Amino acid sequence: MVAASGNVEERLVRLITELRRQGLRVTAQRLTIARIVFENIKDHPSFMEILEKVRQVMPSVSPSTVYNNLQLLEKLGLIKSFDVAGETRYDDTNPHINVVCLDNGKVLDIDHNATSIMDELVKMLGGDKRVYEVVVYAYCGKRGEASGPG
Numbered sequence: 001m002v003a004a005s006g007n008v009e010e011r012l013v014r015l016i017t018e019l020r021r022q023g024l025r026v027t028a029q030r031l032t033i034a035r036i037v038f039e040n041i042k043d044h045p046s047f048m049e050i051l052e053k054v055r056q057v058m059p060s061v062s063p064s065t066v067y068n069n070l071q072l073l074e075k076l077g078l079i080k081s082f083d084v085a086g087e088t089r090y091d092d093t094n095p096h097i098n099v100v101c102l103d104n105g106k107v108l109d110i111d112h113n114a115t116s117i118m119d120e121l122v123k124m125l126g127g128d129k130r131v132y133e134v135v136v137y138a139y140c141g142k143r144g145e146a147s148g149p150g
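Take 1 as the starting number for the sequence shown in the working numbering and just add one per residue.
These aren't lab readings, by the way, just hints derived from the structure by calculation.
Note that the structure is predicted; figures quoted are calculated from it, not measured.
Some clues are possibly wrong.
[What the hints assert, rightly or not] Calculated lysine-lysine pairs in the DSSO-like style (CA-CA distance at most 27 Å, straight line):
hint : residue 1 : residue 2
1    : Lys-42    : Lys-106
2    : Lys-53    : Lys-123
3    : Lys-80    : Lys-106
4    : Lys-42    : Lys-75
5    : Lys-53    : Lys-75
6    : Lys-106   : Lys-53
7    : Lys-75    : Lys-106
8    : Lys-53    : Lys-42
9    : Lys-80    : Lys-42
10   : Lys-80    : Lys-123
[To be verified] What follows is a list of derived Cβ distance ranges for each label pair:
hint : residue 1 : residue 2 : range
11   : Val-8     : Gly-86    : 36 to 42 Å
12   : Thr-27    : Asp-109   : 26 to 32 Å
13   : Val-26    : Val-135   : 29 to 35 Å
14   : Val-136   : Glu-52    : 23 to 29 Å
15   : Gly-86    : Val-134   : 29 to 35 Å
16   : Lys-123   : Thr-65    : 37 to 43 Å
We put the beta carbon where it would ideally sit given N, CA and C, even for glycine.
Work the whole structure out from these sequences, hints included.
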C-alpha cells in the first residue's frame, strides 16, 4: 500500500510505479480514470459522479471498468471509501476528519490538527496509529439545499 498525498501528477506517478511493481498494465484508460478521481477526490465523489465525469472523456467506458479501477485504487492505498446514507463516497487517504451534514449529505474535510487529534484518540485506545478513519455526522442547518459534492 502506498501513501496518497501530493498533487494529481505526483499521485499518477505513484500509481504507475505501483502498477509496474505489481505487474499490472499501465493503460491510457486506467490513467484517465485515476486522473479524474484524483482531480475530484476533495469533493468526496460517489461512483455515479465519477462515472459521469469519466464518460465525458470516454463515452463508451463501462461501469464495471470504472468500478474495478476504483477498487484497484483503493487496494493500492491511493484512495479510500466510506458510506454516506447508503452511498459509497471516495476520499483522500491523508489524515483528516470527514464531517457529513445530515441535512444535505455534503461532506467536508477538517484538516486542522486532525493528525494529532486522531493519534491521541488511537493512543488512548491502544490501537495502530497508521490505520484510522474518523467520520462525524452532524446537522449543518442546510435543510432543503441540494446535495452535491462537498
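Checked hints:
The straight-line distance between the Cα atoms of Lys-42 and Lys-106 is roughly 12 Å, inside the 27 Å bound, and the hint therefore holds. About 40 Å separates the Cα atoms of Lys-53 and Lys-123, which puts this hinted pair outside 27 Å; it is violated. For the given pair, Lys-80 sits about 17 Å from Lys-106 by alpha-carbon distance, which is consistent with the 27 Å threshold. Between Lys-42 and Lys-75, the direct Cα distance comes to roughly 19 Å. Compliance with the 27 Å bound is thereby established for this hinted pair.
Under the criterion of a C-alpha separation no larger than 27 Å, the hint pairing Lys-53 with Lys-75 is consistent with the structure, at around 22 Å. Our distance criterion of 27 Å between C-alpha atoms is met by Lys-106 and Lys-53, whose separation comes to about 19 Å. Between Lys-75 and Lys-106, the direct Cα distance comes to roughly 25 Å. Compliance with the 27 Å bound is thereby established for this hinted pair. Straight-line distance between C-alpha atoms of Lys-53 and Lys-42 comes to about 15 Å, which keeps the hinted pair within the 27 Å bound.
Under the criterion of a C-alpha separation no larger than 27 Å, the hint pairing Lys-80 with Lys-42 is consistent with the structure, at around 12 Å. Annotation: proposed proximity of Lys-80 to Lys-123 holds, straight-line Cα distance about 22 Å (limit 27 Å). One distance hint, 36 to 42 Å for the beta-carbon pair Val-8 and Gly-86, is violated here, with the actual separation near 29 Å. Look at Thr-27 against Asp-109: about 31 Å separates their beta carbons, and that is inside 26 to 32 Å.
Checked against the given bound of 29 to 35 Å, the beta carbons of Val-26 and Val-135, roughly 33 Å apart, stay inside it. For Val-136 paired with Glu-52, a C-beta distance near 28 Å keeps the hint of 23 to 29 Å intact. In this structure, Gly-86 and Val-134 break the distance hint of 29 to 35 Å, their C-beta atoms being roughly 20 Å apart. The beta-carbon spacing between Lys-123 and Thr-65, approximately 41 Å, falls within the hinted interval of 37 to 43 Å.
Of the hints listed earlier, those the structure fails to meet are numbers 2, 11, 15, in rising order.
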